[in-house]
Structures are given as structure tokens and as C-alpha cells.
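Undergrad: Letter by letter, the chains look like this.
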Amino acid sequence: MSIIALLISLNLPWAAAEPSKMIGFAALEQKIFSRVYEKPQGELLELYGFIVPPQSFSQHLGFYDNGSTLKNAEPNSFNMVLLSFLMDRIAHNLAQTCNPNDPNNFPPLKSTLQKSLSAFCDWPAPSSLEQKNFDQLLLSMTVFDFSSKEQLAWKQHFQSPSQFTKSREQIIYEMSYSLLMNPYFLLKK
Amino acid sequence: MTYPLKRRDLLKYGIAGIGLPFLPLRSGWSQIQDDHFLYMLHLDSAADFTYLFDARPLEMTKNNLQVNYMEEEPTLWTGLNGQSCWASTATAPLHAYKNDFSIVNGVFVHPNDIGHTGPTDILFSGSQFGGPSFLPLINTLNAKNLPTTLDGIKLNGRMLFSVDRHQSSLIELSGSDVSSLIAALKINPQLSLYPDSLAFVLQRMQEGVLLNPQGQWSQGSGQLHQQLQKASQLARELSHLDFSQLDTQAQRQFLQIFSKISEARMGRVALEVTAFFAGDPSEQFFFDDHGFPGASETRDKYQRLSQKIANTLEFFKTTAFDSQRSLLDVTTFVVTTEFGRTMRQQGVDFATSGTDHNPLCNSYLFAGKGIRTGCVFGASDFQSSQETLSGAHLQLDKDQLCLMAKPFDFTNELPLDVLPEVFNEDHYLNVNSIVNTLLRLFSVPEEHHRRKSTAVNSPLYPYLRSLLK
Numbered sequence: 000m001s002i003i004a005l006l007i008s009l010n011l012p013w014a015a016a017e018p019s020k021m022i023g024f025a026a027l028e029q030k031i032f033s034r035v036y037e038k039p040q041g042e043l044l045e046l047y048g049f050i051v052p053p054q055s056f057s058q059h060l061g062f063y064d065n066g067s068t069l070k071n072a073e074p075n076s077f078n079m080v081l082l083s084f085l086m087d088r089i090a091h092n093l094a095q096t097c098n099p100n101d102p103n104n105f106p107p108l109k110s111t112l113q114k115s116l117s118a119f120c121d122w123p124a125p126s127s128l129e130q131k132n133f134d135q136l137l138l139s140m141t142v143f144d145f146s147s148k149e150q151l152a153w154k155q156h157f158q159s160p161s162q163f164t165k166s167r168e169q170i171i172y173e174m175s176y177s178l179l180m181n182p183y184f185l186l187k188k
Numbered sequence: 000m001t002y003p004l005k006r007r008d009l010l011k012y013g014i015a016g017i018g019l020p021f022l023p024l025r026s027g028w029s030q031i032q033d034d035h036f037l038y039m040l041h042l043d044s045a046a047d048f049t050y051l052f053d054a055r056p057l058e059m060t061k062n063n064l065q066v067n068y069m070e071e072e073p074t075l076w077t078g079l080n081g082q083s084c085w086a087s088t089a090t091a092p093l094h095a096y097k098n099d100f101s102i103v104n105g106v107f108v109h110p111n112d113i114g115h116t117g118p119t120d121i122l123f124s125g126s127q128f129g130g131p132s133f134l135p136l137i138n139t140l141n142a143k144n145l146p147t148t149l150d151g152i153k154l155n156g157r158m159l160f161s162v163d164r165h166q167s168s169l170i171e172l173s174g175s176d177v178s179s180l181i182a183a184l185k186i187n188p189q190l191s192l193y194p195d196s197l198a199f200v201l202q203r204m205q206e207g208v209l210l211n212p213q214g215q216w217s218q219g220s221g222q223l224h225q226q227l228q229k230a231s232q233l234a235r236e237l238s239h240l241d242f243s244q245l246d247t248q249a250q251r252q253f254l255q256i257f258s259k260i261s262e263a264r265m266g267r268v269a270l271e272v273t274a275f276f277a278g279d280p281s282e283q284f285f286f287d288d289h290g291f292p293g294a295s296e297t298r299d300k301y302q303r304l305s306q307k308i309a310n311t312l313e314f315f316k317t318t319a320f321d322s323q324r325s326l327l328d329v330t331t332f333v334v335t336t337e338f339g340r341t342m343r344q345q346g347v348d349f350a351t352s353g354t355d356h357n358p359l360c361n362s363y364l365f366a367g368k369g370i371r372t373g374c375v376f377g378a379s380d381f382q383s384s385q386e387t388l389s390g391a392h393l394q395l396d397k398d399q400l401c402l403m404a405k406p407f408d409f410t411n412e413l414p415l416d417v418l419p420e421v422f423n424e425d426h427y428l429n430v431n432s433i434v435n436t437l438l439r440l441f442s443v444p445e446e447h448h449r450r451k452s453t454a455v456n457s458p459l460y461p462y463l464r465s466l467l468k
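Sequence lines, in order, name chains A and B. By numbering that gives the first Met the number 0, the letter at position 130 of the first sequence is numbered 129, and the numbering carries on one by one without gaps. By numbering that gives the first Met the number 0, the letter at position 221 of the second sequence is numbered 220, and the numbering carries on one by one without gaps.
By construction, these hints were calculated from the structure, which means they are not laboratory data. Heads up, the beta-carbon is just placed ideally off N, CA and C, and yes, glycines get one too. Accuracy of the hints is not assured; some may be wrong.
To be verified - Label-pair distances were calculated between CB atoms; the ranges are:
hint: 1; chain 1: B; residue 1: 278; chain 2: A; residue 2: 114; range: 43 to 51 angstroms
hint: 2; chain 1: A; residue 1: 29; chain 2: B; residue 2: 345; range: 47 to 55 angstroms
hint: 3; chain 1: A; residue 1: 114; chain 2: B; residue 2: 141; range: 24 to 32 angstroms
hint: 4; chain 1: A; residue 1: 123; chain 2: B; residue 2: 322; range: 33 to 41 angstroms
hint: 5; chain 1: B; residue 1: 243; chain 2: A; residue 2: 107; range: 16 to 24 angstroms
hint: 6; chain 1: B; residue 1: 455; chain 2: A; residue 2: 134; range: 47 to 55 angstroms
hint: 7; chain 1: A; residue 1: 99; chain 2: B; residue 2: 446; range: 53 to 61 angstroms
hint: 8; chain 1: B; residue 1: 235; chain 2: A; residue 2: 123; range: 29 to 37 angstroms
Start from the sequences, fold in the hints, and give me the full structure.
TA: This is the structure:
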């Protein structure tokens, strides 16, 4: 600790505070398979089938080199294209929750998330606007990762009357996409 | 050249990327730029320029001073500016391009051997302890250019001897990565199915910045916000590219990607790092020959390297950027390495000696836009076994294993034939001056140029004026 303090006091460039990085592909994958989808059996690189270009995902979204240093995890325009692409596809898939018979290639949803999303299938009926529905979806997707202020901002946004004109598919898509692309979901703390 | 984009437009579109998604694409975009790109070839693991353009006569080898596995006399290479150096026979593939590039020899790196990482860090960040790379500065808003959506691209970014910390905003792209992504983006270049959701995500990222502006998390949130905005533009730009005809050979493919990205004005910088391990053996380079490298291997390696540089120049010369200009007309091409190599190893049988690190001397090649080509700048000492070395040289190299940069006259920009008794770094051309020359060439504001100390008013390292047109 004293060495770090000394380096900071010397104002060396690399000792200065750097922006928080993204959590990296492995952690992102783990988050998605613990909160969104059941992990498919026997698959080593599960998310790779979700998106093009498959082979470069881990490299561009952050990977541990020699098991210790997280590299390529700083946001840049290219990895944000890839990330948006991935989250768009997942959100699009979640938006089909109310149409379970539509074919897709995604793994089955976590049952808790399925139940949380289904509560919005009659959007914007009063039953779907109940506070507990929003709380339940937040809990399923964020698992207490988000600050209370962030949760409140998210709920206020989707509970505002301007949202009531949207279809159930659009509202589920937008709720999901905004959680998956939130800094609390993407960044290392 | 005039720039139709007025100050009012800059405010409208927003500087620092805030309004980049709304900047006009294609023709409007091209009109506002003075097209200028940088291609940097970094010879990772410290190439030995005595096998290129800072060679020594064989009498140095006969006198057991310098191992030389070329075993052929070098030839005198005189530049259009009247300055000379010795060129190894390995440089034969480059002879046809003599007036297309300039050589800068005798560049001081550091008084001590600080391994490979330290000098690489100095080159990219200005500090031997690392830090942000100078390369994204080329993409800084300045008098001539607007920032592009990509800071730059890189090939073989994982340098063995340096952490990747200099390059995070340079994106490693392979043809297969980009081709499949482009195919998908051609179907739908939107980042999100509904614009509302993207706007809300950006708003939450912006809000995150305000939580604690000096904090790491807030800064990370700010980066997400800035880069997601750029990503919308990038997705649209990528969707217009055609990468269906890319070469399978890695370097040629990378050059083609660079060409297309430059033509579309999507990025301004490319960094190619030579690879220790490559699928194509002709692209595999390991220069760190501490052990006996073998004569034939050495000859083969430096001949292949010269051929590679010649091929790169040829690609730039023969690839059209537009109807009037070649890629070389709009690209500055630079060849760099960490430092030079000792002439032999201490305590090792001369007949089988390898070479160690020599941070007292380094060389660079420059070509393309803005460069006064066909010239030789700077020089190193120890040109013959009879040469008297300076006290400064012997102070840093008491065993006389190294070439050392000659003191440099920054007024006339010529090497000095003087023998200072004591070493003073200010009297030598050094790597920070090389970087400042590039920053000057790309009109990067002086506030970003390298200074001799961290003090605000510390003098800038002088740039090499005569290297620039």
C-alpha cells in the first residue's frame, strides 16, 4: 500500500485513477447465464452462437491475459457496436416472452425472469403497472447490483404515461435493453 | 484547401463526439477533412538496425567488435540531404524505394537497459512506466481534422514485451471479424430496435457521469456514453463497407482493411506489430537474439523484414485512395522498434555471440505524406574500430559494446562530431522528439506534445523540422 501511495504522490501517469473498465466477456457471460438464460449443457462458449462475429467477442469485450490482467475492456466504438448488437438480440428475444410459440434459437429463460416478464404481457393494463412487477423484474435482472437511485430512475421512466402507448413487445424490449446496457450491468465497480 | 464546415456547424454537431451521430456521412464528411493517415509498423522485440540502415564495415567484425552474420560489406547510402549511413546487403529489396523514405539514425532512448517494456512505454506514452498512448492523439480535434469514429486499428496488438495498456482505443480487427459483422449490419445498421431505448440508455450513462465526476466509475460511465454515441455512427459506416474480397495473408489483409477504413474516413491510425508466432512463417519475426541466432536465420530474417517494408511501401504506392491520390499520398508510414542492439555480448565467445539491449541508440524509417523523403538524419558513433569514443559514451558503455547516438545540433539538425566528456541527454536526438515530430505533422495541439519534465512550462522536446516537408 505504501508503494502505491508513493507512486500516486509522484504523480506518475499510470498511477493516476483510470476509468472503470467493463467487466469483461467471461463475467458478462456468467451474468447472463445466471440471470437471463438457463445455461445450455455441453457448450463451452455459450454466447458465441448469439452474435456475429463470434470468434472475436471475448477479445473485444475484455479478456484476462495470463489470468490476471483484464485487457481490451475499455469501452470503444467497436466493442460498443458488438455489445449493442448482443443486447439488442437478447432484448428482442425477451420481448417474445408473451408469444412463447414463436420459434427461436435461444436457450430457455430462467423461470424467475420468465415470470417477471410475463407480468407485462397485458401492458398497459392496470395489473401490469403494479409496482411489484417492476420490482420483480429489477430483482431478476440486477440482483441488487444497481443503486437505489438507479432503480428509482428506471422505474419512473417506465411508469410514466408516455410509455403506455407502446406495445407489450416494445415495452419488454426497452425495459430489458436498458437494464442490459446500464453501466451498473456493464462496468466493474 | 477550404473547409466548408464552419464554427457554427461544429457547435451544431458538437465537439468531442457529442453530436457525431449527426455528422453528415460520405461526401460531406470527406469535404471537411485534410486526408491524412498514419500507418505505424512496430518491430516488436527490438530489431537490429545494423542489419538495415546503420550497418558497420566488416573490419569491425574482423576486430571482434561486432558480430555480423550478413558477412558482406555494407554499402554507403547517401541521402538527398547529403547525409550518409551504411546499408546492410539485407536492405536490397528497399533499394528501389530509396527516394520514398527517410532514415533517422542515432536516436537516444534511455541511459540504462530498462528491458523491452520501458522503452516501448516511452515510445507510446512518453513514460517508462507507461500511460496513455500518443496514437489516439492523432485523432484529436484540431485545426485540420475532425475526429473519426475509430481512433485506430491494430494488427497483432498483444506485444510480448509491453502490456497492452497503450492501445486500448486501437481496435484489433481481422477480416473475419469485420466481414461477418458487416454482413449483419447491412441487414440492420441500428444499434437498437427502438430509438427510445437507445436514448434512455445514453441518458442513464450520462447520469452515471454526474454521480462522482472524479471517480473511476463515473469516468467509465462517461466512456460508455461517448463510445456508444460513436458506435451508432460506426455501425452505419461499417454497413457501407465491402470486405468480401480480402486477401487471406494477414498483413496484406490488414493493409486492405486500413485502405478501406481510410477511404471511408472512419479511422486515422493503424498500428501493425510484428508477430513472434504467425500462421504464415514469412510474417514471423523474433529479433531479441540474446543467444546465438545462427547466420542463415539472421540473413533470412532481415531480408524478409526489408521485403516486408518494401511490400508495404509498394501497397501504399499502388493502391488508389481516390481518383488523384495514392494511399501513400495521404498516409505517413513509420517503422519503429524499442531500441538498438549491442554489437556483441559480454563474456560470450565472439564466434557464437548474440546481441543484448542497446538503449543508447535507435533508428526509425519515415515515408509518405508530409515527410521529406530520400534523406538520412542523425548518426551513431563507433563507425570504425579506430574511432575514439567520447567520455559520454564510455560513461554509459564502459565495455564498449554499443553504438551510441552522436550528439545532435538541433539548430542545424545535423549530428555533431564532438566528443563530450560527460553525458547530457539534452544534447541528443531522442525518441520523444521523434513522437513530437509526428504530433506536429498531424497538427496535434502543442498542449499534447511531450515536455522535458512534468512542469507546465517545461520546454517541449524539439521536433525534427527537416524531416517534414
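Undergrad: Each hint should be assessed against the structure and marked as holding or not.
TA: Checked hints:
1. Between residue 278 (chain B) and residue 114 (chain A) the beta carbon distance is about 49 angstroms. The supplied range of 43 to 51 angstroms therefore holds.
2. Between residue 29 (chain A) and residue 345 (chain B) the beta carbons are some 51 angstroms apart, a value that agrees with the proposed interval 47 to 55 angstroms.
3. Look at residue 114 (chain A) against residue 141 (chain B): about 55 angstroms separates their beta carbons, and that is not inside 24 to 32 angstroms.
4. Separation of residue 123 (chain A) from residue 322 (chain B) is about 57 angstroms and departs from the stated range, judged on CB atoms against 33 to 41 angstroms.
5. In this structure the hint that residue 243 (chain B) and residue 107 (chain A) lie 16 to 24 angstroms apart at CB is violated, the actual value being about 36 angstroms.
6. Distance hint check for residue 455 (chain B) and residue 134 (chain A): the Cβ-Cβ separation is about 52 angstroms, which falls inside the suggested range of 47 to 55 angstroms.
7. For residue 99 (chain A) and residue 446 (chain B), the Cβ-Cβ distance of about 59 angstroms falls inside the hinted range of 53 to 61 angstroms, so the restraint holds.
8. Look at residue 235 (chain B) against residue 123 (chain A): about 33 angstroms separates their beta carbons, and that is inside 29 to 37 angstroms.
Of the numbered hints listed earlier, those contradicted by the structure are 3, 4 and 5.
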